[in-house]
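Residues per chain are reported as follows:
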Amino acid sequence: MENKGWDEFEIGAMLRTFDGSVDNIAGTKQEDRSYSENSSYRASVADWRLIKPVFNKDYCIDCQFCWVYCPDVSIVSRDKKMVGIDMDHCKGCGVCVEVCPTNPKSLLMFGEHADEETEIAQWPSKDEEK
Amino acid sequence: MSEMKKIKNLKEFSTSADRFEGANLLCPGCAHSIIVREVLNATNDDLVLAASTGCLEVCTAVYPYTSWDASWIHIGFENGSTAVAGAETMYKALKTKGRLKQPDRTPKFVAFGGDGASYDIGFQWISGCMERNHDMMYVVLDNEVYANTGGQRSSSTPIGSSATTTPAGSISYGEKINKKDMMGIMGAHHIPYAAQVAPNKWKDMVKKIQKGFATEGAVFINAVSPCTTEWKFDPKDTMHIADLATDTLVFPLYEIIDGRQYNITYRPKNVVPVEEYLAAQGRFKHLFKDQYKYLIKEWQERVDENWAYLQRREEAKV
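In order, the protein sequence lines correspond to chains A and B. With the numbering used here as the guide, the letters of the first sequence map in order to residues 1 to 130. With the numbering used here as the guide, the letters of the second sequence map in order to residues 1001 to 1318.
Isolated chain A (complex conformation) (with noise of 0.2 Å):
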């Protein structure tokens, strides 16, 4: 995409979302509709992050929390279950952790470079002080 210089923007510029005639987006899944390169769907803050959640399938409880209370609509639900985390636009806050109310929690935070397959072969369990 070419970006316009601060001088050449035309006034009452707009930026369009979609590409296309767009029609109840309400009710189309993100990964249904058609984005446009002015959509920051589209870009990605992952280099933002220090460190990064990683999801434990096995103790969610579905009770979407987490999908709630994430500031950037980076935690995946269809169907009313927990799916994944969208790590494009994941900023690595951690709010996901101290929402998520299993225990052991399901969601825990790992450093950036940390692999998952291994952190989840080695997930804490049960803490029985809580």
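Because the hints were derived from the structure by calculation, they are not lab data. Misleading hints may appear alongside valid ones.
What the hints assert, rightly or not - Under the rule of at most 30 Å between Cα atoms (straight-line distance), these lysine-lysine pairs were calculated in the DSS-like manner:
| # | chain 1 | residue 1 | chain 2 | residue 2 |
| --- | --- | --- | --- | --- |
| 1 | A | K57 | A | K81 |
| 2 | A | K29 | B | K1006 |
| 3 | B | K1011 | A | K105 |
| 4 | B | K1006 | B | K1176 |
| 5 | B | K1236 | A | K80 |
Go by the hints and put chain B onto chain A.
Structure of chain B alone, referenced to chain A:
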């Protein structure tokens, strides 16, 4: 389309298709986007949105990107509310003339503003919108400081908070003026519906937003938005701070109907001492020094007094 979206529980809510996108430039752990998502997901109707200048506006519309999947306008610091009011007036006029292309669709008009844009700079404009009773909703994302420009105090900043223009030190304890009672002021406009909400109480929030959308006339929503950068806490603690804000009654959740009927919608089972709320945030750190400790006691008294006042108003129904 005009039917109210059914949201009985969180699982049902999670089937919503978000109309707000990630990869915006809000800080990690910012509560603004949590509030925006809860507001937008409360309806399936079309949306006409505006944001007054503030963190939300500058972070969600950084050229060449936009994070909004609905019609949204980037406008001045003061006039987010009037831009939406204008769109609403035009919609009404076209409807009366029968010139709407899709008359069966019922768009909702929502303006967002930070506390700087609402409590200070856009105050007159909001007051006008509320007085003219436009069929719109104004949502304040109240983080009690001008966070976008570097943390200057706003008229929403509470006593004792250290902001960059009211820094705490050996002479001053920070902000000396109490927070403006915006809810009371909006109640005095006798608008059909005003409510205070918090992102951690998503169900209460969605209920109030839906009530607001169903209301014909102006709706004012004040949402507490913990700011990790200016309140100085760890990004992961956003929801914990919001919990403390509602459970200490620093941000009581209530609604005002027609400016008269107060309803308290959340009564914490265990009221937490205000001290815990203050201790969790870096902006109140200095209050725990010996010379300023008396302020914590004053804080508690102020919060208790406000809670008693709200209960009296609720009971008296006047």
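Task: In rising order, the numbers of the hints this structure does not comply with - done: 4
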